[in-house]
Amino acid sequence: MPSRKKIAILIDDMFEDSEFIYPYYRLLEAGMDVDVVGQEKRAYRGKHGTTAKATHRIHAIESDKYDALYIPGGYAPDRLRREPAMVALVKSLFEAGKPLCAVCHGPSLLISAGVLEGKKVTAYASIKDDIENAGADYTGRSVEQDGSLITARDPQALPGMMKQFLLLLEG
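For my numbering, count along the sequence shown from 1 and bump the result up by 33.
Hints were generated in silico from the structure; no laboratory data involved. Idealized CB from N, CA, C, for every residue including glycine. One or more of the hints may lead you astray.
Claimed, not checked - Simulated DEER-style distance windows between Cβ atoms:
hint	residue 1	residue 2	range
1	Glu73	Gln189	16 to 22 Å
2	Ile54	His89	17 to 23 Å
3	Asp170	Glu62	31 to 37 Å
4	Ile54	Lys74	18 to 24 Å
5	Asp170	Thr83	30 to 36 Å
Unchecked claim - Calculated cross-link-like contacts (lysine-lysine; reagent style DSS-like; alpha-carbon spacing at most 25 Å):
hint	residue 1	residue 2
6	Lys80	Lys161
7	Lys161	Lys39
8	Lys80	Lys38
9	Lys38	Lys196
10	Lys98	Lys80
11	Lys161	Lys124
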């Protein structure tokens, strides 16, 4: 029996509730091992009041133990991108060719990791200029896939994004 894939979901305060909850449970439903990784091992509060607990601290994990990474949107990615260890985790997994998935404002962390050069990317329209300034082609589509990188525009894109992410993980 093949081993289960291990996925890291990054979290901080002010995450977009639906962009954390829906993918978290879809990944569990698909049989993935999911670690919720924060700067500290504690409960974090979403924009709309949901709380989610980090199961692991960023400084206590090893990037090579993960098969993929998911970044919910909201205001959390702006907080996450200021933590060098979070940026290093994203860069390490990208360089290893592992699947990365980010929605809404999540690609702002990908910008800080310097991994968007030459990629087709979508995200919430307010970070379009940042994406283009990072050397990526902003498409504005609901969901975009460029190799092992999947990005999505907003919460309405979650079903299509997860379908593509799960196909990539299973492939």
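Non-conforming hints, listed in increasing numerical order: The structure breaks hints 1, 7, 8 and 10; every other hint is satisfied.
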